[in-house]
Amino acid sequence: MDKVMIDLETDLKVMRECCRSGKTKELSWRRSQLKGLQTFLKENEVEIFRALRDDLGKHYVEAFRDEVGLIKKSLNLALKDLQKWMSSREAKLPIFALLSHAELVPEPLGLVLVISPWNFPLALSLEPLLGAIAAGNAVVLKPSELAPACSSLLFNTLPNYLDNETIKVIEGGPAVGEQLLFKKWDKIFFTGSARVGRIVMSAAAKHLTPVTLELGGKCPAVLDSLSWSWDKEVAVNRIIGAKYGSCAGQACVSVDYLLVEKAFSSAVVELMKVLIKKMYGDNPRESQSVGRIVNKRHFLRLKNLLTDKMVKDSIVYGGSMDEDSLFIEPTILVDPPRESTIMTEEIFGPLLPIITLDKIEDSIDFINARPKPLAIYAFTKNETFRRRMVSQTSSGAVVFNDAIIQYAADTIPFGGIGESGIGNYHGKFSFDTFSHYKAVARRSFLTDFWFRFPPWNNYKLELFETAYNYDYFGMLLIILGLKRSRRRFDRRVVKSVEWKRLENLRLTKADDSQLQIGINNGSSSSKYSNDYCLLGIVWKGKKIYREAMIKMLGNLWITKGELTAKEIGENKYFFSFSDKEDFDRIKAGRPCCFDRNLVVLKEFDMDSMEPKEVNFKHEELWIHVIGLPIKLMERETAKVIGNTTDWFITVDGDGGDLKGKYTRIRVLIDLTKPLKRGIMIHMDDGHIKWISFHYERLAKFCFRCGIHEQSCNQPCLDENGTEVQKQYGAFLIASQRRKAVEIKFEGHGQSQWKNSDVHS
Amino acid sequence: MIIVSAGLFKDCGSSIVGVGLGDTLAYHHTYKINQVSFSSSIPSSYYCCATLSKTMEEAKQTFDVDKAAVLVKELRKTFSSGKTKSYEWRMSQLESISKMIDEKEKEIIEALHKDLSKPELEAFISEISMTKSSCKLALKELKHWMMPKKVETSMATYPSSAKIVSEPLGVVLVISTWNFPFLLSLDPVIGAIAAGNAVVLKPSEIAPATSSLLARLLVEYADESAIRVVEGAVAETSALLEQKWDKIFFTGGARVGRIVMTAAAKHLTPVTLELGGKCPVLVDSNVDLQVTARRIVAGKWACNNGQACIGVDYIITTKDFAPQLIDALRSVLEECFGKDPMESKDRSRIVNSFHFMRLVNLLDEDKVSDKIVVGGQRDRSHLQIAPTILLDVPDDSRIMQEEIFGPLLPITTVEKLEDAFDMINRKPKALAAYLFSDDEQIERKFVQNVSAGGIAINDTILQLTVPTLPFGGVGESGMGSYHGKFSFDAFSHNKAVLYRSFAGESPTRYPPYTPGKQKQMKALISGDVFNIMLALLGWFKD
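Listed in order, the protein sequences are those of chains A and B.
First residue of the first sequence? That's 5 in the working numbering, and the numbers climb one at a time after it.
First residue of the second sequence? That's 115 in the working numbering, and the numbers climb one at a time after it.
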């Protein structure tokens, strides 16, 4: 044994080397191996039939139907479609991967282990083997020792037809199996029982090896009360074939038990008796058409299933056994106790319990109360019942009006779920089981989307968002600068987090939520000097992010001297400046916006004023007066026009400076009244001209009534009480004028505003 | 040894904050000192990227096996009621999650910032919008995905029709990790919901803010009878793993992956394991240097500061080309993160001091520390390490053996680029492999010879963003895949449904067996209609 294992160790090393060399990946290698399998089947048909007869007493027609023929069919398919399977599959790509190309490339997993069972020792060895070969793997096959003739046939003869460097057959019992499981594989394909399946999967976990487990389960057959006698006969024939016909019921897909309606059951039993006789004759033992039980242990296991008196009493047909020839007669039981072993364990033999139900629909609950089977066979013509059967039960497969035949279909996956297994195979699915689909994406160096790389800003964010939404047109607009960034969040969000944290800390030390923003820290010890103070209110109904705003303003204002901020009420703040220059500059720089909400700033005299006295209804804004004839672009005209609003303050520029695209005037505006969109001017020559107003840094306002958001009481109604149509729009927002902003960004190094333009 | 991290708490002066391996930022007000033994002799597998780290105390263990069992029972009840299977339920849950992402964007970004100092734009790109788009895709395609697939049937089962029906697996467990705590939690959950399962999500305790946010948000937005979040560390996870699930989806390190799979084997539960690995980048000398450098930087430092399972781990290039590449990388780094990268807010931080120390240890190894060509600065209090490039690190050093999972980038040089293939293949299979080259020959060889979960040519990370490509590893880097339709498939069982009528019955199938029947069968299996006719007439010759 040890020697075998040492040999194995070196063998495996060689196999791995072969894998790495890429030999098995070649189409020619795969083809030649599959052809080798074909020749093996052709040249050894007689030996195979003999081995199957020796191991399991299978009739050669049955052997051909269930094993040799099926493998031949699968080989034909694999050889025909191999090239198609091996070719890579194109995948669609999103836009920002322009000039790229993506595909799925199947690649072999490497070195795989196939462990096969004894009930179909040839089919269940070769079916996965051919899948593994088709996928380009090196394979070790361990056939079951319980079918010794087949095992030795595979061990002795199969290597003559295959590449021995990469495909090995290893014979042996559980000890060898265990040794094999210790090794590192790239895939383990196991067919057998759930108990061993667990062992296999645990062993595989050690090396993170993927597994396919083909287990069994109690596959139910459901027989609806069919009215036509032809249908009845066909259905019962198929059930009998699937129970007794395939290796004497020793198949993972064979019918385990039968569910019928109570009223229908006696008719079914009678029909079965007749049809069993027709197939197997009066003396089934003499007929060559019933397989044998594989060995004594299983024979005894089956015998034990019937020892229970209650179970024994339920036998209505058959029941005879012959231990010497390991023969069990096709047996029918009606309503054995549901908790008896025969109804809780997989039977795996020619015993068929029939369970009677009041209504055939109850079968769904009956099935769902048990572990998920590998297959459900339902014989019915009732369309609703069929649909329910598919959607309300869970199993590896559902077959209507037939049984076992799904094993022969290449286009549907064969495999279990839950207790009946993991993974699937057959046809193309076999290839997939032994392949890894490698995702391959290709790019050229030509296109590169700059927005994929830091430093991050909102522009890039917007691009990403449109790209992920496949909004190609939107992306184009953004790139061309035609679409404004809608997104509002930026560093402020995160800043606020830091801020909050810091603030929390301070709170534990001091009981004062006063926040100091000392930028040019000269003397941070002083309290706010009362010389230059501003009172600010954020023109917004909801409470705003205090920390974020204060921090933002701190960043925006970049004072030379010290700036202190204090919250004095909801959305109300008190700012004091130590430096007059700062104070004036901020005052002149109004209006100030935060998150497109107007922050109304008012001068405040600490000695004489109470915050409540301050009227926040007005704010100074810059207006662009557009459409004035050049001749009229004068200080006087500006003043006249400005006074049509609440209060004219000043006009930007003087003399010749005034003549340009527009006249820029500063006015005081009542925030509770609608914005003025423009004004009519009677010209000297008699005709009337419309002069429009655009507002700089306009905060959120109502598009219906033109009032600043907070003051607008929705819904907007006119005098008659009807809702106003949309009268205003974003066209009232003036394009940004850099000149007007007197705040310098550069020179202080504190600003983190370089990438952000949202505060306009 | 006590790891002391003052960080933001510097100002407090008096308090010392001990950092356990699991509890990073959860100590705002409760200061506790944990003793952490920490030595470099910990076996290498311990250092896997996203582990269920060991918490030192299990003081208040509230979620135990019994609770877990009750939880699973409840969910199973919901599942068997069939509620989660309906198209409407799936759609409503997905819509709700999509709404949640829209409405809670700010909170999510804050949580990510708390956990990883993730720059908000990066958080938006790599987590929020990825999750959102995967949710949107599911919403858009769900009907299509759920549709049974009709397949043709062959002569062997004639006459018949067949289809493949996707059915939900049942009650599934999603265990996610800390490096992309939002995306890697919700992306699988979206798949699980789309497929009609009941889900339990266990987010990583190493990203506590996101974990608790997810717990809070999903209660608010999702159907609590079928979608649950269990917060916790090792004890809670073990309790969960004891239960029988119908699928376990795990993202994290290979070490824990093994534990998960072993636990799953007990109940024959299928698993999807999304692990990591050392993802190599191969750089040819004929590339567009600027673009290459940028894309490498994007795949390393702009991707959660190197703490990503598909992030760039190391570079292989030719000896002559290495200096040029380093120069290019250096200038791109400056472009992206400024002159002083330690000050840059555009990079995430290292998740906790355990991982910080791990990275520092990698860097301080004898044979390694003198190979640094760019960066190397570190700041323990802010858990930051500057983008660091190392040249020609010996292959047996730990940094070349373990997954780095941090802002360190070793460059290995070879004489000929082809030598690199073998070098890559000798290491365990990675989750991703990258190649930069203008040579189609090399490209073809690379795709053919290098085995990895996914491959991107002339770019990094790209393959992850493509919903039409499966995302998943092979070998040491995991099993199973997801994203897009593949997520749906990962949480679905493809049930084969075969319809036969009672017509078309042939006695060939049944005993008594005769040689004539064998001939007919042979003809049937050959699939040739003409042969079948011959056989039925008794004229078919084998």
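No lab work stands behind these hints: they were computed from the structure.
There's no promise every hint is true.
[Unchecked claim] BS3-like, lysine-lysine: derived pairs with alpha carbons at most 30 Å apart:
1) Lys236/A x Lys39/A
2) Lys636/B x Lys704/A
3) Lys220/B x Lys576/A
4) Lys228/B x Lys76/A
5) Lys264/B x Lys250/B
6) Lys84/A x Lys636/B
7) Lys88/A x Lys257/B
8) Lys277/B x Lys385/A
9) Lys236/A x Lys264/B
10) Lys236/A x Lys385/A
[What the hints assert, rightly or not] If you want the footprint, here are the derived chain A segments under chain B, 3+ residues with CB under 8 Å:
11) 55-62
12) 287-294
Ideal placement from N, C-alpha and C gives every residue a C-beta, glycine not left out.
Against the structure, the hints:
1. Lys236/A x Lys39/A: Since the Cα atoms of lysine 236/A and lysine 39/A sit roughly 43 Å apart, the hinted pair is violated (cutoff 30 Å).
2. Lys636/B x Lys704/A: The hint is violated at about 81 Å.
3. Lys220/B x Lys576/A: Cα-Cα ~24 Å, so holds.
4. Lys228/B x Lys76/A: Judged against 30 Å, a Cα distance of about 62 Å means the pair is violated.
5. Lys264/B x Lys250/B: Since the Cα atoms of lysine 264/B and lysine 250/B sit roughly 26 Å apart, the hinted pair holds (cutoff 30 Å).
6. Lys84/A x Lys636/B: holds (18 Å)
7. Lys88/A x Lys257/B: holds (29 Å)
8. Lys277/B x Lys385/A: Measuring from Cα to Cα gives roughly 18 Å; hence the hint holds.
9. Lys236/A x Lys264/B: holds (28 Å)
10. Lys236/A x Lys385/A: holds (11 Å)
11. 55-62: violated (count 0)
12. 287-294: Result for this restraint: holds, n = 4.
When each numbered hint is compared with the structure, violations occur for hints 1, 2, 4 and 11.
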